[in-house]
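Student: Could you slot chain B onto chain A? The hints should help.
Residues per chain, in single letters:
There are 2 protein chains.
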Amino acid sequence: MNLVAFQNCYPDDLSHCYGCGKNNIDGHQLKSYWHTHKGNISELAAEQTIAHFVPDQCHIAIPGFVYGGLLASLIDCHGTGSAAAMAYRQESRTMGTGHAMRFVTAALDISYLAPTPMGIELELIGTFTEVKENKIVIEITVSANNGVCAKGTVVAVRMPDSMVQSH
Amino acid sequence: MNLVAFQNCYPDDLSHCYGCGKNNIDGHQLKSYWHTHKGNISELAAEQTIAHFVPDQCHIAIPGFVYGGLLASLIDCHGTGSAAAMAYRQESRTMGTGHAMRFVTAALDISYLAPTPMGIELELIGTFTEVKENKIVIEITVSANNGVCAKGTVVAVRMPDSMVQSH
Chain A
614 MNLVAFQNCY PDDLSHCYGC GKNNIDGHQL KSYWHTHKGN ISELAAEQTI AHFVPDQCHI
674 AIPGFVYGGL LASLIDCHGT GSAAAMAYRQ ESRTMGTGHA MRFVTAALDI SYLAPTPMGI
734 ELELIGTFTE VKENKIVIEI TVSANNGVCA KGTVVAVRMP DSMVQSH
Chain B
614 MNLVAFQNCY PDDLSHCYGC GKNNIDGHQL KSYWHTHKGN ISELAAEQTI AHFVPDQCHI
674 AIPGFVYGGL LASLIDCHGT GSAAAMAYRQ ESRTMGTGHA MRFVTAALDI SYLAPTPMGI
734 ELELIGTFTE VKENKIVIEI TVSANNGVCA KGTVVAVRMP DSMVQSH
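So the sequence lines, in the order shown, correspond to chains A and B. Heads up: the first sequence is residues 614 to 780, going by the numbering used here. Heads up: the second sequence is residues 614 to 780, going by the numbering used here.
Don't take each hint at face value.
Given that identical chains are not distinguished, each listed pair holds provided it fits within a single copy or across any two copies.
Using 20 Å as the maximum straight-line C-alpha spacing, the simulated DMTMM-like pairs for lysine to aspartate or glutamate come out as follows [what the hints assert, rightly or not]:
| no. | residue 1 | residue 2 |
| --- | --- | --- |
| 1 | K635 | D669 |
| 2 | K644 | E752 |
| 3 | K764 | D722 |
| 4 | K635 | D722 |
| 5 | K644 | E660 |
| 6 | K748 | D722 |
| 7 | K644 | E734 |
| 8 | K748 | D774 |
| 9 | K748 | D626 |
| 10 | K764 | E734 |
| 11 | K745 | D625 |
| 12 | K764 | D626 |
| 13 | K764 | E743 |
| 14 | K764 | E736 |
| 15 | K748 | E736 |
| 16 | K635 | E660 |
| 17 | K745 | D774 |
| 18 | K644 | D774 |
Bear in mind the hints are in silico, worked out from the structure with no lab data behind them.
One chain only, chain A, in its complex shape:
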């Protein structure tokens, strides 16, 4: 069980992302984790990831509802974070140890299913649908008050080692 957010395990120089970088003081600083259930971790639950986020007052589409670009950003960063965590897990390594692995988004598909209300903590749940060494696909739901407002698919591809090391 990993209580450290995936994004907090990124190398410092790859932690500037506006959506999730711990070193971007202006950004959203999304934090993603393995999804556990009351201390009882089933194999299925361990395959899922979770993140929570409360939109700022300015993040509106029309008054009362969250704008879609924020949801896209959260899905994107939860996806690449989940992909990185899964890659470490595939190698049975603790995230953040040894040579760094980082994923970037190749494709992002989002369906907006219902208006997303403001003033409520959003919950993102990620489920892996494909796991290869250099490509990981994650389906992500965004819920408010247990109602799914948006769902997305992130195709995450591994950042070349040369790019990871150069930063």
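Tutor: Frame of chain A, contents of chain B only:
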């Protein structure tokens, strides 16, 4: 030829979107226009839309490159703005006159083709692929220095009149 940005024609109470609302002082305030070519507007050019945006210094993925969530947000808002403009055009009305028409995003699909460099004005070009009364589909490219960095498809659906009028 319309020199007023599409988003500046939205009703005041529907102009709060973080991505493009003129009344959201914290937001991106994206401005979209019909795409014209040196005063010589061909039928094809008139079917396209254009927007420009310079990312803020904080909008990074990794140092030197724009984060994907911003591109998603810009594509989204350029898409719904373009859809609204096209809907007025289909009714041969000047945008912003008569009863208001506004579109929201049902689906957003984005392919990230190349890292998007910071410090450069991005150009979005929208091309309509489907135009119906209640559903308009737009394909959008995002370019930097004339190189396409991302392309997306926005499926925009018309906001119910009741929702438009209530705001």
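Student: Each hint: holds or not?
Tutor: Each hint tested on the structure:
1. K635 x D669: both (18 Å within a copy, 18 Å between copies)
2. K644 x E752: within (17 Å within a copy, 32 Å between copies)
3. K764 x D722: both (8 Å within a copy, 12 Å between copies)
4. K635 x D722: neither (25 Å within a copy, 27 Å between copies)
5. K644 x E660: Classified as within: same-chain Cα gap 17 Å, cross-chain 42 Å, threshold 20 Å.
6. K748 x D722: Close inside one copy (16 Å) and across copies (18 Å); limit 20 Å.
7. K644 x E734: within (13 Å within a copy, 30 Å between copies)
8. K748 x D774: Within one copy only: 14 Å inside a chain, 43 Å across chains, cut-off 20 Å.
9. K748 x D626: neither (22 Å within a copy, 43 Å between copies)
10. K764 x E734: For K764 and E734, the Cα distance is within 20 Å only inside one copy (16 Å; across copies 31 Å).
11. K745 x D625: neither (26 Å within a copy, 48 Å between copies)
12. K764 x D626: Answer is neither: 30 Å inside a copy and 27 Å across each miss the 20 Å cutoff.
13. K764 x E743: within (17 Å within a copy, 23 Å between copies)
14. K764 x E736: within (11 Å within a copy, 28 Å between copies)
15. K748 x E736: neither (24 Å within a copy, 29 Å between copies)
16. K635 x E660: neither (24 Å within a copy, 42 Å between copies)
17. K745 x D774: Within one copy only: 16 Å inside a chain, 47 Å across chains, cut-off 20 Å.
18. K644 x D774: The answer is neither: 23 Å in one copy and 38 Å across copies each exceed 20 Å.
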